[in-house]
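Trainee: In the order they appear, the protein sequences are chains A and B.
Under our numbering, the residue at position 147 of the first sequence is numbered 136, and the numbers go up by one with no gaps.
To convert a position in the second sequence, counted from 1, into our numbering, add 78.
These aren't lab readings, by the way, just hints derived from the structure by calculation.
Note that the Cβ used here is the ideal one computed from N, Cα and C, for glycine as well.
Errors might be hidden in some of the hints.
Stated by the list, open to error - For each label pair, taking beta carbons as the anchor points, the in silico distance ranges come out as:
hint: 1; chain 1: A; residue 1: Ala139; chain 2: B; residue 2: Arg174; range: 20 to 30 Å
hint: 2; chain 1: B; residue 1: Met170; chain 2: A; residue 2: Thr165; range: 54 to 64 Å
hint: 3; chain 1: A; residue 1: Pro60; chain 2: B; residue 2: Pro243; range: 41 to 51 Å
hint: 4; chain 1: B; residue 1: Asn176; chain 2: A; residue 2: Gly113; range: 46 to 56 Å
hint: 5; chain 1: A; residue 1: Leu55; chain 2: B; residue 2: Arg174; range: 49 to 59 Å
hint: 6; chain 1: A; residue 1: Ala139; chain 2: B; residue 2: Pro244; range: 33 to 43 Å
hint: 7; chain 1: A; residue 1: Leu70; chain 2: B; residue 2: Glu173; range: 45 to 55 Å
hint: 8; chain 1: A; residue 1: Ile163; chain 2: B; residue 2: Ser209; range: 24 to 34 Å
hint: 9; chain 1: A; residue 1: Pro166; chain 2: B; residue 2: Glu173; range: 28 to 38 Å
hint: 10; chain 1: A; residue 1: Asn167; chain 2: B; residue 2: Met170; range: 45 to 55 Å
hint: 11; chain 1: B; residue 1: Lys178; chain 2: A; residue 2: Ile39; range: 24 to 34 Å
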Amino acid sequence: MTHCGACDGKGKKTFKDGVLDNNPIFAQVLGICSALAVTSKLETSLVMGIGYVFVLSLSTLVVSMLRHTIPHRIRIITQVLVVCVFVIILDQLLKAFYWEASRQLGPYVGLIITNTLTLGRTEGFSIQNKPILSLVDGVGNGLGYALVLAVIGTVRELFGTGKILGHLILPATIYTPNQMMVLAPGAFFGLGILIALLNLTVLKPQGKKK
Amino acid sequence: MNHTPAYLIFFAALFTNNILLSNFLGMCHWLACTRNMLSATGLGMAMTIVTGLTTILNYLIYYYVLIPLHLEYLMFLMFIAVIAAFVQLAEMVVERFNAKLYYSLGIFLPLMVVNCTIMGAALFMVVRHYSFMQTVGWGFGAGGGWMLSAVLMAALRKKAGYSNPPKAFAGAGLVMIIAGFMAMAFMGFAGMVAIE
């Protein structure tokens, strides 16, 4: 990736930005809706994460290829429609091959269209950059997003039910499962505490962040 | 099909199944616009009207156009097109009749196209097989529920602005924790009415 000519040598940095330094959820604070809604179990979080990488990388690629043809005034709706096409493909694939996961995710597959992170990347990056570099950016951000979904999903499933991917890890004799973590408030507390922990350790305190 | 009356669905969408605090829809705009009361109220009102009306329009399109033509897989595309057109219309109306509100909302107004609440309300309407009257109650209830939680949050954030939280929690962390407590409070209504 570092040596690909089409990226002008910016490939590696763009990728790392998406996964870590400028992580979609913690640094950009985008796409929170799905991050909270599908993470009550690790399995759904993983399916959502993988699906999201698929949609985001292909949409950034296509938007970037079309960037000179899209009229400026209607660019937002054009980008949304491009994303929409890939979401329909993903939805049909899930329904055909992973019916159970599709049923559990319910409307949240469709809500990838209105995930602000998708529009944030296409509008903020692809519309100004070359296709291959945009693809790298899309994959990087998608993976960064999927990573956070997996972490939140693990924490919530472990403390909410004592299981991971359905396997019992913490038996009831050691730890009493706290139903709260699977319900809505647990999602808010979990993400809030995770953001605070990352502020303390990985991300440099920016001071002006508001 | 369930037979919950429309007014019950309306109240459930406002309180027990608040779209933001139990389904997490519309979080991104909610985090941004609750910094001050005026934009929270203004956007909340716009959200209520747009969510209510687009959900009804999408109901008509889904059951009277897409299903007879067996084009259900185009659902996402149609819904987002309806929402985009409607938001554009709302933007022009607000600009024409209330310029002050228009400028105070700024970028939030066109960005309503990608607000999860509006799309989510339409998708839940399909998933839960609502009838027409139930859709009316659900659409306005979902938008109103968003407005309710946004206005409450704006007030709480104003109060939190005078406090001195630990440095790590300043910003998004604190808002998430407050939202968690709000979600717990709203769960307290859960015994009254329930929709799926």
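Trainee: Each hint should be assessed against the structure and marked as holding or not.
Mentor: How the hints compare with the structure:
In this structure, alanine 139 of chain A and arginine 174 of chain B break the distance hint of 20 to 30 Å, their C-beta atoms being roughly 47 Å apart. For methionine 170 of chain B paired with threonine 165 of chain A, a C-beta distance near 56 Å keeps the hint of 54 to 64 Å intact. For proline 60 of chain A and proline 243 of chain B, the Cβ-Cβ distance of about 46 Å falls inside the hinted range of 41 to 51 Å, so the restraint holds. Between asparagine 176 of chain B and glycine 113 of chain A the C-beta distance comes to about 30 Å, which lies outside the given range of 46 to 56 Å.
The given range of 49 to 59 Å is broken by leucine 55 of chain A and arginine 174 of chain B, whose C-beta atoms sit roughly 32 Å from each other. Checked against the given bound of 33 to 43 Å, the beta carbons of alanine 139 of chain A and proline 244 of chain B, roughly 27 Å apart, lie outside it. Under the hint 45 to 55 Å, the C-beta atoms of leucine 70 of chain A and glutamate 173 of chain B, about 24 Å apart, miss the expected range. The hint said 24 to 34 Å for the Cβ distance between isoleucine 163 of chain A and serine 209 of chain B, and at roughly 49 Å that hint is violated.
Between proline 166 of chain A and glutamate 173 of chain B the beta carbons are some 52 Å apart, a value that contradicts the proposed interval 28 to 38 Å. Here the CB-CB span from asparagine 167 of chain A to methionine 170 of chain B is close to 49 Å, well matched to the stated 45 to 55 Å. For lysine 178 of chain B and isoleucine 39 of chain A, the hinted distance range of 24 to 34 Å is not satisfied, since their beta carbons lie about 46 Å from each other.
Consistency note: the structure conflicts with the earlier hints numbered 1, 4, 5, 6, 7, 8, 9 and 11.
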